[in-house]
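> In case you want the letters, here they are:
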Amino acid sequence: MIQKEAEKIFETRELNVNMGPQHPATHGVLRLVLDIDGETIVKVTPYVGYLHRGIEKLGESLSYFQALPLTDRMDYVSAMSNNIGYVVAVEKLFGIEAPERAKFIRTIVGEMSRISNHLLWLATHALDIGAMTVFLYCFREREWLLDLFEMICGARLTVTYPRVGGVRNDVPQEFLESLWKFTDEFPSRILEYETLIDQNRIWLQRTVDIGVISAEEAINMGMTGPTLRGSGVPYDIRKHMPYDAYDKVDFDVPIGTKGDTYDRYRCRMLELRQSNNIIRQLIEKLPPGPVMVDDPKFTLPPKDKMMPITHPTKEIAYFILEKACKGCGMCMRACPAKAITGEKKAAHKINQALCVNCANCLVTCKFKSVTVVSGGKGLSDEKLAELAVAPDQLPEDIKQAQQLLVKQFEFIKKGPKAPEGDLYVATEVPKGELGFYFVSDGSGKPFRMRLRAPSFIHAGCLPRLCVGHLVADVIAAIGTIDIVLGECDR
Amino acid sequence: MEHSVTVREITKQIIKRFTFIEILQGMALTLRKMFSRAVTIQYPKERRHIAPGFRGQHALAKNQAGRAKCVGCGLCAAICPSQCIHITRAKGQVDKYEVDILRCIYCGFCVEACPYGAVVLTENYEYSDYKKENIYMKKDKLLSNWDKYMPGKKGEEYFDKFWRPLSEDFGTPPGQSVFKGKKE
Amino acid sequence: MDINNIISPQLLDAFIKFGINVLVIILKIVVVLAIGLLHVAYATYFERKVIGHMQVRLGPMRVGPHGLLQPFADGLKLFFKEDIVPANADKVVFYIAPIIFMAASMVNLSVIPFSYGFTIADFTISPVIADINIGLLFIFAMAGMGVYGIFISGWASNSKYAFLGGLRSAAQVISYEIAMGLSLVGVMIMAGSLNLTDIVRAQEESVFGMFAIPQIVGFIIFTIAAVAETNRTPFDMPEAESELVAGYFTEYSGFRFALFFLGEYIAMIIMASMATICFLGGWTLPWYITQVVPFINYVPGIVWFLMKVYACIFFYYWIRATLPRYRYDQVMGIGWKILIPVALANILITGLVKIIMTMYGA
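Protein chains in written order, with this note's numbering: chain A, 1 to 490; chain B, 1001 to 1184; chain C, 2001 to 2362.
Chain A extracted, bound-state conformation:
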């Protein structure tokens, strides 16, 4: 009776706490709305989208080549893996295969990216749980890897290093040596992190039996990567659907047993060692050979072969042969300097005073009427008419350069054309399974680009991991699923 009266007077309800999007432990701009009863979590609702940039939609308006830097900005913690995921998918769509050496290099940098990602994960996870020294020790090694990235491609985070059909440039010798030294030292560094947290009773109390998820449930939730493997499911795309050079190396897939935060932590720590091992094997086996596929349809042509026309000492002038010109007006439209004039169906003319010698007319003309005059810059029209020869009679190197220039312009302005159809290609990025789904309508741009981002799916698992635990465990759960909101929100 009294209790009923009391219930009437004191209405109790859960405290509603907004955790994020500005919060030190939500790894970016994740917003969680927590309903807490005292300190116990009753309900968790994750809200995403604060970092939405429309990468999928942007991909539809960019060519397959151009869209590559977008993938850097998804999971910016391991940009290299995202790049590789993208190029592997596009290569499959194009039906080409990268050369052996490029595949090896890509696998090496992919594993470097995995190490650097796991280091950042460990750093932030430990910092969230309060061990701040691990954070800085991890960053010490991550710096090393980022410096190595800078050595090969000039950027530390947003690397844009792999290309469709290979990699941008070959790796220098110092890179291999420095990386080898890194792999020598890295296991001892892992031991340092483990000394601080692995057996520490506070760490164990904070992680063991926190956020337990069974194997079946984890699969149903769509978890992938180390987050799934912590529950004991040995699913790893590198092992089951090997891409790049993963079929040529020997490695284990570490799995957990219970599926709690500690198991997932152990999985990633073991993966660090495995990745280190993979890098060592690959460096030892790195074969000589080209780093770009020799298929002019899908790669930029070699620049040194264009030199006969593009080198500044050549002093090129362009001239329209009156006889060959059909007056179609293509060159007139292509000319960015508006230097070409002429009536329709009559021979066009280049105004040499306005011409910037950019080769746009040369590559657009279908009738071989635009020709190249070496050393013709600044000469009068009459003189040029004297010197000009038909494109067929030009020297061999200039002819080749002209063909390559045509390819260069076409590649950049229209993009390499993909065959019609759709496909889904998944790769194993450090966070899980990153899938690219393309619908191609046969043009140079995807009709639809869809990304399966592991972070997004893992963010959806948060309520399952948190409910029933305490506020502090939410932080541990966010850390253990290893999400990056750039990838989650895209």
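Among the hints, erroneous ones may be present.
[Unchecked claim] Think about it this way: if two alpha-carbon atoms lie no more than 25 Å apart in a straight line, the pair counts; the simulated DSS-like pairs of lysine-lysine are: (1) A:Lys445 x A:Lys407; (2) A:Lys407 x B:Lys1153; (3) A:Lys285 x B:Lys1153; (4) C:Lys2028 x C:Lys2017; (5) A:Lys314 x B:Lys1153; (6) B:Lys1132 x A:Lys338; (7) A:Lys314 x B:Lys1096; (8) A:Lys43 x C:Lys2160; (9) A:Lys314 x B:Lys1139.
[As the list claims (entries may be wrong)] Selected chain B positions facing chain C (in silico; Cβ < 8 Å): (10) Ile1014; (11) Thr1019; (12) Ile1023; (13) Gly1026; (14) Met1027; (15) Thr1030; (16) Leu1031; (17) Lys1033; (18) Met1034; (19) Ser1036; (20) Ala1038; (21) Ser1082.
Worth flagging that the hints you see were computed from the coordinates, not collected in a lab. The beta-carbon is built from N, C-alpha and C at its ideal position, and this holds for glycine as well.
Following the hints, position chains B and C against chain A.
Positioned in the frame of chain A, the structure of chains B and C alone reads:
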């Protein structure tokens, strides 16, 4: 036999529990690290080594005669994923070549797209300013960047190494880097 | 007009004496406050340097040589920062909360002795502002007061994080106050006094030279409880930055924040001084050291005192750099299920030993 093993295990556990051994190990590590060399770089005084080919602020290359190599074909503007390059031409030369640095994502595609080797990314990464106009790169600023950051041989070397792909990427060049065994 | 007509010589004498006493006390307060606050300022610098080097960094390096002026730069910055008061805050309480916290911490400085008294021209000056007989209890009482500052700041901010931080703090301080008090009962039994100077004297005369050896259990409990009491890692529940942003002072800025910050460091120095005085022999050295190295006696006691205090503070920093943070319920569990029972057992054993010693030793 088995019995003694479990007893040993249990004693081990008890010792671990009551001696705080793992915490002491951790504390020993942090104490040891206190006397090791710090990895900090005192930024404005010291600077980290910038690898050649760093993708920093843009510059327009000059030829031997000291004129801009750029002819204004517009390929860089066409490939730019963030569309931050604006070019206009007048009287047979490039009138305006502007890079909106605030939009640029430093992917380096403009360098790859340029058949003339006219645009480069320099090692300059310190160009913050209070005014937007100062960050918006005009043609003369880009040309002076070339003299400033790519003097002499450095510019040529840049094109040798980072203006890709070259024909050697499609073959096996001599002196390609390979694993040379553990250095003893 | 003769002065003797107005006031008798004896009264005048007493009056002068009283005046000088008041003057001495004021002087002491000024000295202790100035030097105390300087130590607090440099405790922050010391922390950043120690933790920096443990994390293979350098710590502050820019302001002054090796960043030595950093505390002043910080103070200046906080002083000139905008003072933001949340719109829905309970203004009056919001204003007084940091003052309560700071005052409660600072008052403790008045009962901490730094050395034995010394005599200058008939005046015995003891280097403590208030040499009261219940110094130990006074510190407990004031530490208990400090939590009011934390708790009402959490309430008055009208922010959920601050609220949670305040609640955690209240629960934590209540639990650990008990454990800390009980851990010191052993010391009280052994010293037979609550006066801090007497406790040091008792240690100097004891066989071990310091109570940390016979009272090792009490010492460990005190250390753990002191870390919890001052809200530091691994027990920094009320301000766990990765969970509650900044806990109870999330909404505070500028100098009000500085008051909390200073109060926390003063509390830490107080706890380190307590450990020094109650367990490590204060400003005295054990006889087995002074006997072996006789010339060590010429070093003034305050040097030993400060060295011991800074060693304790270093220990605080050291565990902060090493350990992760406990969870709230685990902190409570440790306090109630482990520390308090062990402390009680320690009291029992100490008391029994004391009884047996007085029975047979006398």
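> For which of the previously enumerated hints does the structure constitute a violation, in increasing order of number?
2, 3, 6, 10, 11 and 21
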